[in-house]
Structure formats: C-alpha cells, structure tokens
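Asker: So the chains spell out like this:
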Amino acid sequence: MKIKALLAASVAGVMFAGSVLAGTLDDVRARGKLNCIINTGLAGFAAPDDKGNWQGFDVDFCKAVAAAVLGDANKVSYTTATGKTRFTKLAAGEGEILSRNTTWTFSRDVDLAQTFIGVNYYDGQGFMVPKKLGVKSAKELDGASVCIQTGTTTELNLAEFFAGNNMKYNPVPIETNAEAQELYKAGRCDVYTTDASGLYATKMSFDNPDAHAVLPEIVSKEPLGPVVRHGDDQWADIVSWVLRAMMSAEEKGITSKNVKKLAAQDNKDKEINRLLGKDPLQGLSKLGLSADWAVNVISQVGNYAESFERNLYPLTIVRGMNALYRDGGLHYIPPIK
Amino acid sequence: MVFDKNNYSPGTHPDLPPPLGTVGVVGWLKNNLFSSLSNSILTLLSLYLLYLLIEGGLSWFVVDAVVNANDKPGCRKIADGACWAVIVKRFDQFIYGFYPLAERWRIDVSFCLLFVAAAPLLYPDIKFRKYMLVFSCIYPFIAFILIKGGLFNLLMIETNLFGGAMLTVIIGVTSIACSLPLGILLALGRQSRLKLVKVISVCFIEFMRGVPLITLLFVASTMLNYFLPPGTNFNLLIRVIIMMTFFSAAYIAEVIRGGIQAIPKGQYEAADAIGLTYWQTTRFITLPQALKISIPGIVNTFIGLYKDTTLVVIIGLLDPLGIGRAALADTKWNGLSTETYLFVAVIFFISCFAMSRYSLWLEKKLSTDHN
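First to last, the sequence lines map onto chains A and B.
Under my numbering, think of the first position of the first sequence as 529, with each following residue one higher.
Under my numbering, think of the first position of the second sequence as 7, with each following residue one higher.
None of these hints come from the bench; they were simulated from the model.
Glycine included, every Cβ here is placed at the ideal spot set by N, Cα and C.
Please note that the accuracy of each hint is not assured.
Unchecked claim - In silico contact screen, one side only, chain B against chain A (beta carbon under 10 Å); selected entries:
#, residue
1, TYR232
2, LEU234
3, GLY328
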C-alpha cells in the first residue's frame, strides 16, 4: 500500500508540475526556439532528408507553430520519441508540443493530463492485399491469413471486424512493421492490416507497389493530433488556432504563393482580412501573437492542403476523410471571427 | 680416400626431400580436402555452394549495385542490385547524426585525439608514456568542451542533434572508461572485510545485474523525470551514460571478482608475511594478476556493452540503427532495409572486431606462461 501511495504521490506531483508550467509562450520566446517532440521516423509524417533536415506532415506542424510564435519556421529544435516515451517527455517539459501521430483517446486526454488541441489527420485501420487475389472489399476476406502486430489495438479491431461480419481468419502474429513487410512480401499471409497511412507507406516500399491494393474499408477510428500539457490554456489556444489557421487558409484559398498579395490588399471576404491581420481580430493580443502570425505560418509552411500534398501525396495517400467538410471530409473549421 | 658425391660417411647424408604429394599445395589439398571419399564429396559440395553464394551475392553486392542515385526509383532505373546510394547520400548522417555541418571538424578532432589519449593506456610500452598519460587524464574535458561547445567561442550544440556512430562512440567509450574503475572498486568492495562497504557493493551489483538494461534505460528516460523536480534539465544523454556505466560496472565487478578468487592463497600470505598493507597488496599483488586473468571476460563485457548501445533506439536516441530506420522512413529510400541494416552491421563489426583483436594481443603480451 505504501508503494502505491508513493507512486500516486509522484504521479500527482508530475501533474501538478504540469499545471504550474504556465507561461510556455514566454519560455519559448525567451529561448528563441520551439522544442518539438516528433517520431523517430515514419514515412510521410517525420523523417530526416539526406541533409539531416526533418521533413514530414507532423514536422510541418511544429514549423507552423514556430512561425506563428517566433516568426521563423526554422526555429525548431526536434526531440525524437518512441511510442513509449512520448508522453513522459512531454510531461517532463522536454518539448512544448508533441506532434507525433498520436491517437486521441479518453484516457490519454484525461488520465495523462494532456490537452489534445485538435485532429490534423484522421487515420484508421485498413487492409492491404495483393491485387492478384482479386479481392475488392474487406468483407470478402473470409478464411484469409492476416499478418497482425501483437499487443496492439489493431489486433482487437481485427477480431471484432471479422466476428461482426461472421468471417473466420488465421492470424499470423508478428512483432514489428518491418517483419510484417517481409512476411507479406514472401506470401506468408494474404492480408496485412495496420493503420491506413502505414499501409500506404509499406506499399510504397515495395518494388512493385501497383501489384497491391489497400481495401476501402476502415475498421477503427484513429484521430491523430498534436498534444500539449494541461495547465496552460494560452499555449493550447495558440497551438490549436495555428492548426485551424492552416485549414482555414485552405478553405479560403490562401496559399504560400498568394498569401503576401492577399495580406496587402483589402479582400471582399472579411475573414481573410481578419486571418491575415488586415482587419483586427478581437482577442489576438490575449494569445500574445502579432498580427502577421497567420501570414508567417502560411507563407513559410503553407496551408493544410499544401502540407498534405507535399508530404503524403508521395505515399499515394488521398485526402478522403482528411478533406475539408465542403469536399466531403471531416475537417470543419470554426470561423475566424 | 676418394669420395664420390654418392658416398657419405655415416650420419652426414643431407635430409632427402619428402615424397612428392605430401607437401606443398598438392599435399595440403590431399591431406585436408580429399583425404577420403566422403571428404572429397563434401569438399566438392562446399565449393559448389560457395560458387552459388558468390555468384548470387557478388552480382547483388557489386555488379548490379548502384552507388550514385538520388532516390530508390533512381537506383532501380539503373540496375536491380543493392542500392548503396542510400548509404552514400546519408553517410554523414550515419556518422555524425544531425550535428551541424560547419562544426563537424570538432567531432573529427575529438575522435583523433581519442586515439592519442587511449594509446598510453592501451600500449604500455609506448614512448613518452608519462607525458601522454597526463594528456589522457585531461582528454575527457577537452572532448566534452569540443563536442558540446559553449566555451572558448565554440558554438553550443544541443545533445538532441547527436546521433549516428558518433553517439555510439560517445556512449560506448564513456561507459567503458568509467565502468572499469567502478567495477574494480565494486569487486574489491565485495571482498572487503568492512561490513558496510561489502553490503553496499553486493546490493549495487545484485540490483544492477538483476534488472535488464532496457529497464534501466526506461528508468533513465522516463522515471527520473518523475522523481526530479520539474524544470530540471538533466540531460538525457548523461542519464543514459550513467545507467550504462552502472550496468556494465556490475558485470565487470563480477568478472574481476572471478579473477581475484583465482589467485592462489599463498600470494596473499606472502604479501602479509613481508608486511604489505592492504592497498599495497591490492596494487602490486592482487590487481595485476586478477586483471590479467579477467581480460577475456572484461573485453567480452565491453563488446556486449558497446553493442547494447543500440538499445537507446527504444528511448528515441538515434544511433546508427536509429538513423538507418529514419532513412527508411524517408519516402525517397523507403524499402531499402537490407542495404541499411548491412551497413549498420558493418559499423558495429569493425569496432567490436578491433576490440577483440586488441584483447588477444594484450593477453599474449601479458602472458607469463612458459611455452
């Protein structure tokens, strides 16, 4: 019992520590750099290029926040974290943002005392099959052997999906994604299942990607988004509105190419004016941001669509659920008013 | 008497050459490869397998390999073999991680100085050893300032930019250098007649050996954050090095204890008889013999430690293996796992093989056996 009490006390201590870490914006400004926690390497989301510069969809978001807060998208210091260490790194203050394709769940939000500031990528578990099997839908997979990572939520989702559709399957348990690729390539399993973005990345790593297809069914919800610590609402607001500004820019047709021009002229659409600092945006000073915050974000990083196309189109990932609501997707952005 | 050349006095005939077919290449082949029917069959079979391996491997490794391309499709356009371009393009990253390009000379200088500093420790017969030992003592500080910066107009480099082979060498060499003295002290402590010292040593050794290294690394990377007051910036790299040092020190201590126990009792009795103090006995009698006996075990532990540094990948540090994985996550190079992992293996093999060769050399040099 004593040990339990001690542990509870220490965890409570960290939560308390998190809540007194207000003034994140001042810390970042004083340091002149934003500390961002990213993936150790995930195709499309975070990976170093040949020169050693981090690139990717999650990395772009770190840059966007740096552009809004510091005026320079390159003032980011990246800390890599694995799935197991990411939350403690954030809690310990090793970074101000965790931008590492993290699924938003109840317990992560509430129990770990973190704030999910929104969803920047709607992912979900999918299936990949060789085209020569002639399978068009996941509902035709009865009796298939499936490569599945053990000890993950995908394992449970798979069991539920097959049971729900009255189908049987032979699980081929594997430990890592790399192992799964090899087994799948060698034909040890008919189907490989993991998050759809991971399937596309795996598919692109094959020598003949066109011989494989990702089936249309998505069997789980994986809303991925950036995370900040509890306790600093100003910082959480800044980070969440940077994400919304990028999406809003796409909605209003503001791109890195035309943003300077639009910011200089008086636009018919007053929301563009407010976003780009032409007209006053009430409450902006409370965030501690300058009027050109969104101009910096869009001119240096681009809008949501630009970031998506730059990083995820090479993996043949389509917008799908990640399109704006008006294009049939799920991104519905609160107005900038 | 007249001697013709075929007429020798008894015992003066020169040795005749051995019969043809028992010496030279033919003899060797006959003795080793074709000494019996089954051996001959095995030899031919092995030769055939070797041929297959070389033929297939060579074309993949060398003939069809591409060294100069900008991405994987670029490689495939040229040939179907290994795409070494991923290594060529990212060689710097494999070595220096994300260390700023303009500052990399500091790593090179530190690395070269490492050999100067290590030479008097590794080779006891070297010239000017006394002066060089002084340098060895101050080298850690020089290296720290050079690599980390922040003093003497050197740009301060954040440790999250450290990576690649450089990170392995920093973690490996520091842990190895620190764990040997610590291990010796622990081994002596465990043998000590002072109760408190003994208990502390035993507890430390048993705890460190009873816990997997990966657990210690998790403690370093996550648990310590909980126990330290918030806002303390206790560098992750230093935490990792400390844990690695403790872990290998516990093993070293046990290896050396084995060496100490192998020394005949008469040695201690003789030392006592001529009135040597405890430290004198330790310095002149115990350690020189115990360490010599323990060399293979010590080097074994060091090689193990050096390879274990790859475990830092799990807590998010990018050693060569981590850099390799990150390279595979780049959409340009996605899927070239064989090439990447082979290269990482080569990096580790070179260092570990060098260590093992050195230990063999040292054993021979210190050998006092009469053979």
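Asker: Look at each hint and say if it fits the structure.
Answerer: Hints versus structure:
1. TYR232: holds (5 Å)
2. LEU234: holds (8 Å)
3. GLY328: holds (6 Å)
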